[in-house]
Amino acid sequence: MRNAPWLGTLTVVGSGAAALTIILLVVVVMANILIGGWDTLSWEFLSAAPTEGMTAGGVFPAIVGTFLRVILMSIVGVPIGAITAIYLSEYASQRSIFARFIRFAVNTLAGVPAIVFGLFGLGFFIQFVGGGMDRAFGDGVELRWAQPNLLWASLTMALMTLPVVIVSVEEAMRNVPRELREASLALGASRWQTVYKVVLPNSITGLLTGGVLAVSRGAGEVAPILFTGAAYFLPHLPNSLSDQFMELGYHIYVMSTQSPDVEATMGIQYATTLVLLLLTFSLNFAAVYLRYRMRKRAIA
Amino acid sequence: MRSSDLYTRKFHVSEFLAEKLIAATAFLSFAVIILIFVFVFREALPIFSSSEPATHDEAVQEEVETYGEEALGEASQLRAAEEKERRAGSIEHVEGNASLRNLLSTDWQPVSGEPKFGLLPLIVGSLKVSLIAILLAAPLAILAALYTSTFAPKRVKEILKPAIEILAGFPSVVIGFFALIVLATFVQDLFGTMYRLNAFVGGVALSLAVIPIVYTIAEDAIAAVPKSMTEASLALGATSWQTALFVTLPAATPGIFAAVLLGVGRAFGETMIVLMATGNAALMTFNVTDPVRTMSATIGAEMAEVVFGDTHYNVLFLIGSILFIFTFTLNAVAEFYIRRRLLRKFRGG
Numbered sequence: 040m041r042n043a044p045w046l047g048t049l050t051v052v053g054s055g056a057a058a059l060t061i062i063l064l065v066v067v068v069m070a071n072i073l074i075g076g077w078d079t080l081s082w083e084f085l086s087a088a089p090t091e092g093m094t095a096g097g098v099f100p101a102i103v104g105t106f107l108r109v110i111l112m113s114i115v116g117v118p119i120g121a122i123t124a125i126y127l128s129e130y131a132s133q134r135s136i137f138a139r140f141i142r143f144a145v146n147t148l149a150g151v152p153a154i155v156f157g158l159f160g161l162g163f164f165i166q167f168v169g170g171g172m173d174r175a176f177g178d179g180v181e182l183r184w185a186q187p188n189l190l191w192a193s194l195t196m197a198l199m200t201l202p203v204v205i206v207s208v209e210e211a212m213r214n215v216p217r218e219l220r221e222a223s224l225a226l227g228a229s230r231w232q233t234v235y236k237v238v239l240p241n242s243i244t245g246l247l248t249g250g251v252l253a254v255s256r257g258a259g260e261v262a263p264i265l266f267t268g269a270a271y272f273l274p275h276l277p278n279s280l281s282d283q284f285m286e287l288g289y290h291i292y293v294m295s296t297q298s299p300d301v302e303a304t305m306g307i308q309y310a311t312t313l314v315l316l317l318l319t320f321s322l323n324f325a326a327v328y329l330r331y332r333m334r335k336r337a338i339a
Numbered sequence: 206m207r208s209s210d211l212y213t214r215k216f217h218v219s220e221f222l223a224e225k226l227i228a229a230t231a232f233l234s235f236a237v238i239i240l241i242f243v244f245v246f247r248e249a250l251p252i253f254s255s256s257e258p259a260t261h262d263e264a265v266q267e268e269v270e271t272y273g274e275e276a277l278g279e280a281s282q283l284r285a286a287e288e289k290e291r292r293a294g295s296i297e298h299v300e301g302n303a304s305l306r307n308l309l310s311t312d313w314q315p316v317s318g319e320p321k322f323g324l325l326p327l328i329v330g331s332l333k334v335s336l337i338a339i340l341l342a343a344p345l346a347i348l349a350a351l352y353t354s355t356f357a358p359k360r361v362k363e364i365l366k367p368a369i370e371i372l373a374g375f376p377s378v379v380i381g382f383f384a385l386i387v388l389a390t391f392v393q394d395l396f397g398t399m400y401r402l403n404a405f406v407g408g409v410a411l412s413l414a415v416i417p418i419v420y421t422i423a424e425d426a427i428a429a430v431p432k433s434m435t436e437a438s439l440a441l442g443a444t445s446w447q448t449a450l451f452v453t454l455p456a457a458t459p460g461i462f463a464a465v466l467l468g469v470g471r472a473f474g475e476t477m478i479v480l481m482a483t484g485n486a487a488l489m490t491f492n493v494t495d496p497v498r499t500m501s502a503t504i505g506a507e508m509a510e511v512v513f514g515d516t517h518y519n520v521l522f523l524i525g526s527i528l529f530i531f532t533f534t535l536n537a538v539a540e541f542y543i544r545r546r547l548l549r550k551f552r553g554g
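Chains as they are written, first to last, in this note's numbering: chain X, 40 to 339; chain S, 206 to 554.
Mixed in with the good hints there might be a few duds.
Listed next, the in silico SDA-like pairs over lysine to any residue satisfying Cα-Cα at most 25 angstroms (straight line) [unchecked claim]:
no., chain 1, residue 1, chain 2, residue 2
1, S, 225, X, 230
2, S, 366, S, 456
3, S, 366, X, 220
4, S, 225, X, 213
5, S, 432, S, 510
6, S, 362, X, 239
7, X, 335, X, 181
8, S, 225, X, 55
9, S, 432, S, 361
10, S, 225, X, 142
11, S, 359, X, 63
12, S, 359, S, 310
13, S, 366, X, 131
14, S, 359, X, 334
15, X, 335, S, 253
16, S, 321, S, 247
17, S, 321, S, 344
18, X, 335, S, 429
19, S, 366, X, 55
20, S, 362, S, 456
21, S, 321, S, 510
22, X, 335, S, 425
23, S, 362, X, 47
24, S, 359, X, 327
25, S, 359, S, 450
26, S, 321, S, 226
27, X, 335, S, 358
28, X, 335, S, 364
29, X, 236, X, 218
30, S, 359, S, 370
31, S, 225, X, 327
32, S, 366, S, 432
33, S, 366, S, 430
34, S, 321, S, 310
35, S, 366, X, 239
36, S, 359, S, 448
37, X, 236, S, 226
38, S, 225, S, 247
Please keep in mind that the hints were generated in silico from the structure rather than gathered at the bench.
Chain S with its partners taken away, still in its complex shape (with noise of 0.2 angstroms):
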């Protein structure tokens, strides 16, 4: 009696810790995510708490002596006035202050004299490519996926699933190298461009990684339309090509803008390709053949060489911010669309 008491008893403490421990374990996960949140954020702070008082010090005491070196020159009195707000502008960058207006210039300069962060350049860029890579997967993604679901016979479907697997398991690297050695010098002898190295090009290798995404979300939301909707449309007389045009792909609508959705994230997180294949040029152009440098390859390619604690480092880490806020972002609105949406149309609410 007493032994299968104690059995019962010790049996119950081991029950409960495994399940705690258990979710405590699982609690990890969400626990990163808040650390993450945390320690990216934390270390992109310096820049807004500390330097706006001391810019402002800085400023005017600049002021006077701006004044003072005007008045040697001869310049118009509107002139001094651009000058001055210039110069004091400038002061700033070289007490390596990230003001708000410094951030929202468009010179990307950290390691010249005169320090500019202006992050412009760098959003255009990270959107420049991004856009044409979706433009370029996104049609390619949703035809392979309609093709895969409705016409194909079974043995170009038996091609093109493990293709896509493939491709999906390229690391980024190795589509990076072969932008860099293979694709630039293709598209510049192709085109003429006055770069080998452009926007253009990193964004047909960032679509690479873009198609497997669109394509497997697309196909994913391809195949949940019920099986009665197709059904009842070719009992009606429709043809294969009709339900898929304008059945099928209607009702996977919401699951197919989710994969174009996450695809847009993945390119515009997507770090190696970019830097290896666009260039890195921090130019303020909306020409897709010059050279671009995006936020994730700015990152990757200063963080190393940055001194720990200056304002460089935590303007970097503020952009590392950026990103993780619109990817974030994305994500949320991706899966909205894939459960909700989705859902509610399938039993027509």
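The following block holds chain X by itself, in its conformation from the complex (with noise of 0.2 angstroms):
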């Protein structure tokens, strides 16, 4: 059997088969959400709020929650994410049972499903952290923190990402050549010195790709604020930490499966798909080129 051709062509045949669904099933996807929704797109609908119970208007305030979301988590997560990585690659010892401890931890938080970080952002920040601040600062009647909000959304969200940081962040920091290190202590310089001033510019690409990645995975996972701050409709804006907000993933959700009437907003449906996937597209497309230029440099 093992000099049978047919199973040669079957292995060959067979392997390439599988390799051209995967194109066929990505193609299928991305032209049936851009055919159905490029006609609705247009400046009005991102620009203008939702009009009539959601049934016609744009998709403005659930963008602008996207948003907030992302810069807030991206300002916790991505300088926690950075520091551990250089905790990682340039303090730790490979063999300190510590930084072993982390490298698992960190592993082990990207393989937590998104739910239950929901479910913690549920049961640590809103119930614990916000209820211990309102009974430290409220007035005992009015919840302020102890409720779902911007702030607990996107600090749960920041914790799901670091390890898309960490990563990212670790590897540009592999890629600085160890004469670089070596030069900068020969020359006196101490270890936080070269890390500062030698280490950090010369991954500052990694940096930007890790930020771009977590903020990708960020806009685009639902799970997490189902419970911890996203809202179902809001006539305004979220002006503080404390507020709730609207969201592309969501409004998505909501609109496909809580809408009386789907077929009545199918056209916007597929549409603020498109958005959130050209969001998502367009940062990781990011991510790739920023990742390109730094192995092309760490190459060379």
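Join the two chains, each given in its own frame, into one complex according to the hints.
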């Protein structure tokens, strides 16, 4: 059997067909959403609020909500991720138990389902931290922090995207040539000076890539914010951290599953999906480009 | 002399502080895992601690009443005993208690007059959908990975790799939307299934999310097979497909196994796709064309409407804990396989 020509043909054709199937699947999904959403997509759709009980108008508040959430998430998540990467790559010895614990934690964090992060956000941020803040600062009657809001949703998301940042920054730091570090140390610079003045500037693309990938992942994920901050419809934009917000992915979910007349809003649904897809694509594309440049420089 | 002394001392302090600060920040990842563990389990705990004794009292008390009612009817002795047991069970639900028997029942009706928190249909649902997804995704992804690293012409590789990256970049809500609007209709037209949204549609949609994970890790594993092995095989006269099938693939098996495990973990925990595409009916069947409600979708759909501290709330956290433990175990096993087995195998240990 090991010499049977048919087995060879089968292997090559079968695996080729599998590859082709995957490519086709991607093309079909993309084409469907592009065609379905193209007609409704317009400048007005991007810049207007939903009207007439969400059956007309645009998705501006959802775009703003997604944007705010992603910005807040990056402000918290990227520095923490970068510092963790610095520790793993520059400070920890490979054999140290502490570093291995952290590495294990990062890998585990990457595998925790998004919905469990949502539960954590609810149990920890909203109930525990928010509840505590309300007891400490509030008037004891009105709930301000112990309820879903922009801050808790962003923090939950920041924790979820932490591994993305860490992995990307660490890769960039490993690509910084050893000689550079040695030269810096030989000139009398300390470890922190070397990290700060030599390693970090040389891995700035990795930092950017990590940030962009985290934003892309965060922008598309809906499960963790289902009950930590996203709202079905709001008449006004969020203007403080303790406000709820509308969000693109959540908007798609709500419009396609809970609206009384799904057919009537099909155009809006497709267009919203297209907006989200274009957003994550442009981010991913930027990340791919940055990584490509980084690797090219690492080789050169 | 003095100033240089000062400089060195200040210098050391800042160095020391920087290192400690960095280590402390790095520790945060570990702390988060612990916190997730603590806080998700903490909210699930009341089920086990408070309900049991109270339930017992209720049940005993109700038994008497049930006998009374039963005496009015003319059921046989056996029937009465059965009925009594059933009633006693249902009384616990009225109280909103989640006894072990309630949790292991086959009904999930959390917001009825007699809330029933049977987790079995949800567990079966999750397993069913994940199984369909991995059965579809794993062969496709592994074969495609084999193809890229062995047979693929450069041009195909240049299309396939970005295609996989694009697939990995699809937000799950987009895949869910596609499944809900397009795929479900397509499947129904093709097979004439009774329900538009069912486990099969959910599984197919989920496989789209699983393919990139399995592909990426399987391809890594295949690429990590030492060149000396494949070259030796080719030098001995084996053709390229023989090398791929009988040398590369067996050598990469542990990594591919890990890829499949991580794929299962992703499928099991994925929420939005199954929430949108599976119909969300908590049926305890093994038919793939029935609607199904998974554990993750149950949390996603119900958590926003539940009263804090309610039994229902606690049960949803219990489901989250089960999800967490399950994916945690899968990841740990997968990592073990990738790290240990692969290394040992290639070092010839």
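Quiz item: Going back to the hint list, which numbers does this structure go against?
Solution: 3, 5, 6, 7, 8, 12, 13, 15, 17, 26, 31, 35 and 38
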